[in-house]
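Undergrad: Take a look at the letters that make up each chain.
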Amino acid sequence: MAASHPALNPATWIRLAVIAGAVAALEIACRMGWVPMTIVIPPSAMVGSLVELLLSGTYGRDIAVSFSNVALSAALAVVLGFAIGVILHALPPVRGAVEPLLASYYAVPTFMFYPVFIILFGVGSGAIIAIAVLLAIVAMITATLNGLDRIPPVLTKTARMFRMHPAERALKISLPAAMPYLFTGVKLSVAYAFIGVIASEFILSGAGIGYAIAYAYNNFNNRTMYGLMLLIVLAVTLINSALDVVDRRLQSRLRR
Amino acid sequence: MRHVLGPFLVLLAGLLAWEILHLMVANSSLPSPLETFVEIGVLLRDPDFWKQAAQTGQAFAVAVVLSTLGGITLGILLGMKRLAGEVAEPILVNLYSLPKVTLYPVVLLIFGLGISARIAFGIMHGLIPLTLFTMNAILQLKPVYRRSAAVMGLTSWQTAMTVVLPAILPQVITGARLGVSLCLLGVLIGEMFAARNGLGYMVTHAMERGDMDTVLAVAVLIAALALAVNALLLSLDRSRRP
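Protein sequences appear in the order of chains A and B. Residue numbering for the first sequence is 1 to 256, as defined by the working numbering. Residue numbering for the second sequence is 257 to 498, as defined by the working numbering.
Everything labelled a hint here was simulated from the structure, so no lab data went into it. One should not assume that every hint holds.
Just a few of them, taken from the derived set where beta-carbon distance is under 7 Å, the chain B residues facing chain A [stated by the list, open to error]:
1) Val-260
2) Pro-263
3) Leu-265
4) Leu-286
5) Leu-300
6) Pro-361
7) Gly-370
8) Leu-444
9) Asn-486
Note that beta-carbon positions come from the ideal geometry of N, C-alpha and C, so glycine has one too.
Based on the sequences and whatever the hints tell you, model everything.
TA: Structure below.
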């Protein structure tokens, strides 16, 4: 039960204290002039900037573009990755051929191929979503294969004993049994989709939070830059923690 | 032989898909595989390419060495103090999934536009996975190892060097493999965004000129190199496992 009540854990309190201490130290260092304002602005100023730019709505479009691209990329990666995983699992010879490549996939800096997608889709959401899906999909494929591999044989045998229809077996047995592993894939896909979208916007695009941060940096607008950075850090932390809570719940189901 | 044949066929299918894509794209602004391989040959004889590659190589090498040493040290420190590890793990996991490009301007403001910013950015990418792998390996270590070390009266330094490190070496190598790939990614993204040299810059610069031959040739070369390094570490990884 400890896992479902992380707030009661002393480590959680210490962690919050450490983070609060670090933020306070940065605040003091900035206010005392130990860290020049041209490099880092105080955390309170970052929060102020974030609140201002959210209220003014100046970056509303960029924020909407980035988040919808992340959502779309993650959804595409999860659905396609799951489908490819299921197909590969059903075809062992193909799987044997593809798996060594999957294992070293993340060694390749996929970003170097971003220009190719710009040629194919033009500068805009198409190329960005393509690179984000490419980055995220392999995590989902691997997780799907892993999940299907780990369905306990006793469950499959039970399904056969009940003479379940294959579709019924997939829905009632395989999917729930593989779910904890699949969800790990979902979690990774969301994280990679975020990285893919923001990084592509940063390097070359005309809209999005990544673009806005790069633009603010190039114009020495530190206040806006740090406000937007804080937005990304908070959003990613929030989304990851939420997915982590679900993940933990599913993982604890495995130990039952 | 069979386990080589499969991936080889898949690569062949990939090349075929690339060729079809090349034929489909209007005006063929996407170079064909053959054109790209010819361009790779041209690049390899170009002294300017080697100058850029040396820049990237230098930043990458320093980033790998520093993040490997730092990651293992940090991982051992956090792993041997259980509470510190529990406090740090979620923070590290969150930092790992953060799009670190977001923070690149901060790195640039601190380190300036030179090579040190790219090294720092490479380390930001490579350090965390190695720290996490090392730390978790120690946390999962059989308690009997630590207890025997304590019985023999070893100091923490001796325990770390003669008991803990050899025991966790396989996981450390796995973490290093991930760390090395991410270091390369960090250095390249750094060069793509703000730099006047290095292979990442070469790619963005070629893209601005619409020189897709160079873009693809450099990208394929880097991918091949990254796969080779990964394969090397993977075989080291496998030879270490019983």
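Undergrad: Give a verdict on every hint.
TA: Quick rundown of the hints versus the structure:
no., hint, verdict
1, Val-260, "violated, 9 Å"
2, Pro-263, "holds, 5 Å"
3, Leu-265, "holds, 6 Å"
4, Leu-286, "holds, 5 Å"
5, Leu-300, "violated, 17 Å"
6, Pro-361, "holds, 4 Å"
7, Gly-370, "violated, 15 Å"
8, Leu-444, "holds, 5 Å"
9, Asn-486, "holds, 4 Å"
The structure fails hints 1, 5, 7 (numbered hints given earlier, in ascending order).
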